[in-house]
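Number of protein chains: 2
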Amino acid sequence: MHDRIRHEALHARVMSASEAAALIKDGMVVGMSGFTRAGEAMAVPLALAERAKHDPLKITLMTGASLGHDLDKILAEAKVTARRMPFQSDAGLRRAINAGEVMFIDQHLSETVEQLRRGQIPPVDVAVIEAASITSDGGIIPTTSIGNSASFAILAKQVIIEINTAQPLSFEGLHDVYIPSYFPNRMPIPVVTCDSRIGTPWIPIDPAKIAAIVITEKHDSSAAIRPPDDETRAIAGHLIRFFESEMAAGRLTRRLAPLQAGIGTIANAVLHGLIDSPFEDLRMYSEVLQDSTFDLMDAGKLSFASGSSITLSAEKNAEVMPHFDRYKPRLILRPQEISNHPEVVRRLGLIAINTALEFDIYGNVNSTHVMGTQMMNGIGGSGDFARNAMLSVFVTKSIAKGGAISSVVPMVSHVDHTEHDVDILVTEQGLADLRGLAPRERAVKIIGNCAHPDWRESLADYYRRALAFGGHTPHILEEALSWHVRLRKTGRM
Amino acid sequence: MHDRIRHEALHARVMSASEAAALIKDGMVVGMSGFTRAGEAMAVPLALAERAKHDPLKITLMTGASLGHDLDKILAEAKVTARRMPFQSDAGLRRAINAGEVMFIDQHLSETVEQLRRGQIPPVDVAVIEAASITSDGGIIPTTSIGNSASFAILAKQVIIEINTAQPLSFEGLHDVYIPSYFPNRMPIPVVTCDSRIGTPWIPIDPAKIAAIVITEKHDSSAAIRPPDDETRAIAGHLIRFFESEMAAGRLTRRLAPLQAGIGTIANAVLHGLIDSPFEDLRMYSEVLQDSTFDLMDAGKLSFASGSSITLSAEKNAEVMPHFDRYKPRLILRPQEISNHPEVVRRLGLIAINTALEFDIYGNVNSTHVMGTQMMNGIGGSGDFARNAMLSVFVTKSIAKGGAISSVVPMVSHVDHTEHDVDILVTEQGLADLRGLAPRERAVKIIGNCAHPDWRESLADYYRRALAFGGHTPHILEEALSWHVRLRKTGRM
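The listed protein sequences correspond, in order, to chains A and B. The first sequence lines up with residues 95 to 587 when you count with this note's numbering. The second sequence lines up with residues 95 to 587 when you count with this note's numbering.
This is chain A alone, in the form it adopts within the complex (with noise of 0.2 Å):
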């Protein structure tokens, strides 16, 4: 226990899980830590979903991204959860939120600290962060994520630490943490490179403010990844073809650009086509950092990789962490607000590609609403990187569900991407590059490279009936949701 909780004073903190929930009130603001399944807190928030049987109580939980263990699910059943925010990607706690019965606040995921720092949101009363050990002056090293949990800890009145022994002490310098200037004046972010360490290898607060700690083994989820088929293949053949077509005219090198990519089968399917690609010594400036960043470390095309949580799958994990000292000199695990800051996007000049759930013929892009109406998961990290991307890149199949819809419409039926931020759209059937494009010509790309043969020619004859109606981005709008309403009528779109 020595070597986990250096700083000596604090031992006397360490209690039960159900002691240390015990600091959470009804009404409370709750930080915890967590990103993309990987280091959140758990023993505490079990603890708090078991008293909560006896004793109800509601909470605001904000979180870095999405949870792991059915944490989100068993807070939601257990109805702690009233308000969540910036991301969830948990089927139950999805129900509820549909229901109207949890409110959800679908944000950026740069920006909710921000927004904390401010003022803007309600404070958080306590922060409850995994963390692999506990330094001598009280920082805190976090575990396999690092999300919104340095801001949290530092603005939290109270901290409660879950120390997970099941995490290596190893990880302690694979950290960055660093948080935006504000007085006199805030200064740039010095990211200038993906590997720029520019901040403390720990989460620096005043050990006093560490009201509990609470000894956990556990392991983290593993990461839901589907192994590619043959459409995500050709998804990644399409765009690495681009690539190269791309370094052909002098605008990439083979190095390309620093990588980002969204969780998710086809994102991770795109980054394994880079292992049989000619490019190498790339870069990765993004997120989660899946299996597919240890493949391309192990294939020698991986350079370095910067980003704020570690996903793995199960077999991935076996593999990567006995050996992890291997990685950890080429890897940076930074504060969400660092690793998807738009000033360092832009700086970096990415290539940003993020999963649509459907695109319209004028390149608007929905990431979040099934129908329009019902969330999915959240906006995460898309825009932060989309909007600022030297190529922002969305990839999609172009039909689901058999067939029944078409990934590519008329009209989306939510935008959490417009056509202003949108580069190019992938699909197994093509690749449409928007650039410079106004929308009529996009349309036509479209519907021509990226949707699926069954439902080309539906898309042309609306664009073509909708050319009568004239206008910079034709529409008819009686019709422009039909095929949507079509759907949730008939079970085809």
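Everything labelled a hint here was simulated from the structure, so no lab data went into it. Treat the hints loosely; a few may be bogus.
Any copy will do: because identical chains look the same in the list, a pair fits if it lies in one copy or spans two.
[Claimed, not checked] Straight-line Cα separation of at most 30 Å, BS3-like style, residue types lysine-lysine; simulated pairs:
{"#": "1", "residue 1": "K495", "residue 2": "K539"}
{"#": "2", "residue 1": "K251", "residue 2": "K119"}
{"#": "3", "residue 1": "K303", "residue 2": "K173"}
{"#": "4", "residue 1": "K539", "residue 2": "K173"}
{"#": "5", "residue 1": "K395", "residue 2": "K583"}
{"#": "6", "residue 1": "K119", "residue 2": "K539"}
{"#": "7", "residue 1": "K152", "residue 2": "K583"}
{"#": "8", "residue 1": "K539", "residue 2": "K152"}
Take the given structure of chain A and dock chain B to it, following the hints.
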């Protein structure tokens, strides 16, 4: 002339506008100065339009933003403009865009030169830049705007300068030209306060590239700003009371935060409202400096203003220009890439005030498309500012066309600013503070506070019935755009 062209060798390049215009060939990309009707080159484009009468040609025309002197109308009617970016506000060009005759690429104003430098859009063949003078080293001193002039001149193969002798030599020192570094790495943009000077007061180019100099004597077109009326005064009043409550809550000080205000009557009226407010020692970090900037300086309220252009009414221009030296120490004009840069906007923590065409009950904003199809002007800088501001405010009157149109609708017909990017909505009816609210909470506030009483019950009825369909963002897709359809068919929503 020697004080206007201090580089002796360049005197030999002086020629007529039609001679200079002959450098522009069919199919070329031409980058012209001009931003919000300020500082546009005029003689050469007029000569080009004249030439096109007997010698048809088509060009891609890039500018900073909108042009004065009906230039966009004249060039469109002469069928010279085949492609146009990144912004316009001319009725004649608008007609051609909406008829599909001119391909218009509607971009965030900070992004055009970024795409140019990266070769993502076709390169500028000829730049045509209005200047007050040329230094002995060949540096170009712009006039009332910079816009994209610096990068156009630096990147173009050939440069044509229009020396405008009607603008005072004392403009020298007003401008601050900074181009982001690229190799080996991009470094932070060192603006840390509104008055940071980080570049040179001239556009630095190789004088050998200056292929022609045309002498002109022209005045900028006057701003077409309507005076405040009861509604715009009410909007200003709601916003100032909100600022007062933010100050009471400790989130703002008497200095507020650096202000950005979009072009137009409402934003100008809001700034005017600050003259009779408790706020003082204000600063602006905006794109266009309008009458209100100088009125606030005259009232002793505004300490410094940074922008990319100065666009004044005829009366204000007559007042300000004879005493320009009085204002100059408190002014900087920057390239629009810097005035609108996401990095700087986020760092400075702006209050961004922009005008909406319409917004919906969940806080999505349409800034560009009438009825979802007809382009008005373009997104301009509103996205650059709204996404990254500390407070993102959108203003509009609650009704239009004598009450036939509600500016608050069930679903906007085009999205330029998503729910994720909008903090505060204001109409003459009231203000909705959306920070930290879920969509269902926003709907209640927006309908209750911002909608016109004539439309409030219809909106509430839509929302109530949408709730029966459920979802995070309840909608009835069959009806979501029906208000717009009804307007088209009946002349009333």
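Each hint tested on the structure:
1. Taking CA atoms no more than 30 Å apart as the test, K495 paired with K539 passes inside one copy only; the shortest distance there is 24 Å, against 37 Å between copies.
2. When the C-alpha separation of K251 and K119 is checked against a cutoff of 30 Å, the pair qualifies only within one copy, where the shortest distance is 13 Å, while the shortest distance between copies is 67 Å.
3. Taking the shortest Cα distances, K303 and K173 sit within 30 Å of each other inside one copy (28 Å), while across copies they are farther apart (70 Å).
4. Taking the shortest Cα distances, K539 and K173 sit within 30 Å of each other only across copies (25 Å), while inside one copy they are farther apart (48 Å).
5. Taking CA atoms no more than 30 Å apart as the test, K395 paired with K583 passes in neither setting, with 48 Å inside one copy and 59 Å between copies.
6. With identical chains, the CA atoms of K119 and K539 are at most 30 Å apart between copies only, with a shortest distance of 28 Å across copies and 55 Å within one.
7. Taking the closest pair of Cα atoms, K152 and K583 never come within 30 Å of each other, the shortest separation being 37 Å inside a single copy and 49 Å across copies.
8. Only between protomers do K539 and K152 lie at most 30 Å apart by alpha-carbon distance; the minimum there is 23 Å, versus 50 Å within a single protomer.
Consistency note: the structure conflicts with the earlier hints numbered 5, 7.
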